[in-house]
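S.K.: Sequence order for the protein chains is A and B. If you read the first sequence in the working numbering, its first letter stands for residue 2, the second for the next number, and so on. If you read the second sequence in the working numbering, its first letter stands for residue 2, the second for the next number, and so on.
Hints listed in this document are in silico derivations from the structure and should not be mistaken for laboratory results. Any given hint could turn out to be false.
No distinction is drawn between identical chains; accordingly, a pair holds when it is met within one copy or between any pair of copies.
[What the hints assert, rightly or not] Under the rule of at most 27 Å between Cα atoms (straight-line distance), these lysine-lysine pairs were calculated in the DSS-like manner:
| hint | residue 1 | residue 2 |
| --- | --- | --- |
| 1 | Lys-64 | Lys-14 |
| 2 | Lys-97 | Lys-55 |
| 3 | Lys-92 | Lys-72 |
| 4 | Lys-55 | Lys-101 |
| 5 | Lys-11 | Lys-97 |
It should be emphasised that the depicted structure is a prediction, and the values quoted were computed from it without experimental measurement.
There are 2 protein chains.
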Amino acid sequence: MRNAWRDMSKLEKAIVAIVEVFEEYAGTDEQKTQLSNAELGQLIKAQITSPEFKDKVDPDNIKDVMEELDKNHDGEVNFREFSQCIAGLAKAYYIKKHGKEKCRGKGRGCQDK
Amino acid sequence: MRNAWRDMSKLEKAIVAIVEVFEEYAGTDEQKTQLSNAELGQLIKAQITSPEFKDKVDPDNIKDVMEELDKNHDGEVNFREFSQCIAGLAKAYYIKKHGKEKCRGKGRGCQDK
Numbered sequence: 002m003r004n005a006w007r008d009m010s011k012l013e014k015a016i017v018a019i020v021e022v023f024e025e026y027a028g029t030d031e032q033k034t035q036l037s038n039a040e041l042g043q044l045i046k047a048q049i050t051s052p053e054f055k056d057k058v059d060p061d062n063i064k065d066v067m068e069e070l071d072k073n074h075d076g077e078v079n080f081r082e083f084s085q086c087i088a089g090l091a092k093a094y095y096i097k098k099h100g101k102e103k104c105r106g107k108g109r110g111c112q113d114k
Numbered sequence: 002m003r004n005a006w007r008d009m010s011k012l013e014k015a016i017v018a019i020v021e022v023f024e025e026y027a028g029t030d031e032q033k034t035q036l037s038n039a040e041l042g043q044l045i046k047a048q049i050t051s052p053e054f055k056d057k058v059d060p061d062n063i064k065d066v067m068e069e070l071d072k073n074h075d076g077e078v079n080f081r082e083f084s085q086c087i088a089g090l091a092k093a094y095y096i097k098k099h100g101k102e103k104c105r106g107k108g109r110g111c112q113d114k
């Protein structure tokens, strides 16, 4: 795949960054496409550092995080499971900023922060 | 919320970027927390530009994209629906690079879905 980072949009760069972070940590043992317990711990300790995200993922309790993410119970986190976790973190960050979605449809509203 | 961009990790910056892109395009009409059909079209046209992503989302057929994303059928795309779309795009990008997850290891965890 050609590297076209420079031409990518902000959204595309964000997606590529998420993939790269997964690759970096998943690649430290033989199972290059999965995060082991230890790899997940390293990823979370290094990458979830801001208070905005830390309360969603507890770096001191990787076992629980693993159990939540490992939907197919194979003891590893694959990229599909990881991307769902990222979507969850993004949603939590968004809700922190904007509040839970309430009204929709007509009217102004919906902008409670 | 304090702006601590500089202190954020690569992963956290990526998540914030995804939220910011949504906010930018969702904020152009009165429904600031939802993407209308027109806003979704603008977002996709401007942000999905690389061949790596374009074949997953067709900028010339926003109506179909909207139908696929708008899980609650309210005619708008909220952040939850958008974040699921991003997770899907990330997964597709990952599969393009690494291939589909296959069975590996010792027979455990070969539950490719």
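S.K.: If a hint holds in the structure, say so; if it does not, say that too.
M.R.: Going through the hints against the structure:
no.: 1; hint: Lys-64 with Lys-14; verdict: between (30 Å within a copy, 25 Å between copies)
no.: 2; hint: Lys-97 with Lys-55; verdict: within (13 Å within a copy, 31 Å between copies)
no.: 3; hint: Lys-92 with Lys-72; verdict: both (19 Å within a copy, 16 Å between copies)
no.: 4; hint: Lys-55 with Lys-101; verdict: within (19 Å within a copy, 31 Å between copies)
no.: 5; hint: Lys-11 with Lys-97; verdict: both (22 Å within a copy, 20 Å between copies)
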